[in-house]
Amino acid sequence: MEPMSQRRPLGPRSVWGFTTLTILVVGLAVAQPAAATVEVDPAIELALGRLYNFAFDDAHALLDAYIADAPDDPLGRAFRGATFLFYELDRLRILESEFFKDDENFAEQKKLKPDPEIRRRMMLALERTAALAEARLALDPNDVEALFALSLREGMLTDYFGLVEKRKLKSFSSARAANRYSDRLLALEPELYDAYLSGGVNEYLLGSLPFFIRWFARIDGIEGSKELAFERLHLVAERGRYLGPFARILMSIMSLREKRPDQARELLAGLSRDYPENPLIRKELRKVSERLAAGERTTAR
Numbered sequence: 001m002e003p004m005s006q007r008r009p010l011g012p013r014s015v016w017g018f019t020t021l022t023i024l025v026v027g028l029a030v031a032q033p034a035a036a037t038v039e040v041d042p043a044i045e046l047a048l049g050r051l052y053n054f055a056f057d058d059a060h061a062l063l064d065a066y067i068a069d070a071p072d073d074p075l076g077r078a079f080r081g082a083t084f085l086f087y088e089l090d091r092l093r094i095l096e097s098e099f100f101k102d103d104e105n106f107a108e109q110k111k112l113k114p115d116p117e118i119r120r121r122m123m124l125a126l127e128r129t130a131a132l133a134e135a136r137l138a139l140d141p142n143d144v145e146a147l148f149a150l151s152l153r154e155g156m157l158t159d160y161f162g163l164v165e166k167r168k169l170k171s172f173s174s175a176r177a178a179n180r181y182s183d184r185l186l187a188l189e190p191e192l193y194d195a196y197l198s199g200g201v202n203e204y205l206l207g208s209l210p211f212f213i214r215w216f217a218r219i220d221g222i223e224g225s226k227e228l229a230f231e232r233l234h235l236v237a238e239r240g241r242y243l244g245p246f247a248r249i250l251m252s253i254m255s256l257r258e259k260r261p262d263q264a265r266e267l268l269a270g271l272s273r274d275y276p277e278n279p280l281i282r283k284e285l286r287k288v289s290e291r292l293a294a295g296e297r298t299t300a301r
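Numbers 1 to 301, taken from our numbering, label the letters of the sequence shown in order.
Rather than coming from a laboratory, the hints here were simulated on the basis of the structure.
The structure presented is a predicted model; accordingly, all values stated were derived computationally and were not measured.
Be aware that one or more of the hints could be misleading.
What the hints assert, rightly or not - Below 35 Å or equal to it, Euclidean Cα-Cα: the simulated DSBU-like pairs (lysine-lysine) are:
1. 259 x 170
2. 113 x 170
3. 226 x 113
4. 287 x 170
5. 166 x 226
6. 168 x 259
7. 170 x 226
8. 287 x 113
9. 283 x 170
10. 113 x 168
11. 168 x 287
12. 283 x 226
13. 287 x 226
14. 283 x 113
15. 113 x 259
16. 166 x 283
17. 168 x 226
18. 287 x 259
Given the sequences, and given the hints that come with them, work out the whole structure.
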């Protein structure tokens, strides 16, 4: 692998770029330009393949090797943080559909017990992400890779604070920061489709809040439209190079919340084919299929 000093900046003209692993708690009718020719680093691609299969040890091993080879790349540390975050979300069963069945159930969830060592290691990775990215931005304020890494970092903090620690104000602050970085990225590289994830999640988040709360909880450029949320996430799912599978996971959860089980089943079936080792996806697909089958039997009577 060529050293970072010789690698071109990321994006359609080079290499790219997950936020928000989201505030699940809870685009933009974008004209779709021609697909970007993004060079995906094979080591990162392999690591994310293992991550989406929930093979966390494998993902860490691949990322450790990547970081050793490219120690100044903030994306290696960002995806290391994402691997810790996904592990904790899976361990605490946060990504299961029942967790997000409805807002009332979510609000009544019993207090979770985060793993302090996982938190320490994740935060260390994200602190290093920020330090490396900001050093690069000091040299080039338009460094796409650095901006994307910071967007990822804020998205992960959004999810951890909001879903694990239930610190809603802290989570919302990070959501705003992630959105700002994503807006800067898209102004520089409109074909960096992964950057639409943050806006899609924030659209759904605000769209799920009561109007009187939404009036105060504003994010620049976000309308609070669930329709735009699905459009943005669909764009990531179809054209994102790193976050496409995660966008599909989010869309499946959102589809269930919006009483669209057929759409959820279709998304989960595709994910199950692509990531057959992921036990959560298989479990969710089975639950949705059983629910639909029960509904069909009831209708046939």
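Here is what the structure says about each hint:
no.	hint	verdict
1	259 x 170	holds (30 Å)
2	113 x 170	holds (18 Å)
3	226 x 113	holds (31 Å)
4	287 x 170	holds (33 Å)
5	166 x 226	holds (23 Å)
6	168 x 259	holds (26 Å)
7	170 x 226	holds (23 Å)
8	287 x 113	holds (26 Å)
9	283 x 170	holds (32 Å)
10	113 x 168	holds (17 Å)
11	168 x 287	holds (30 Å)
12	283 x 226	holds (26 Å)
13	287 x 226	holds (24 Å)
14	283 x 113	holds (23 Å)
15	113 x 259	holds (30 Å)
16	166 x 283	holds (26 Å)
17	168 x 226	holds (20 Å)
18	287 x 259	holds (14 Å)
This entry satisfies every hint, going by the numbered hints stated previously.
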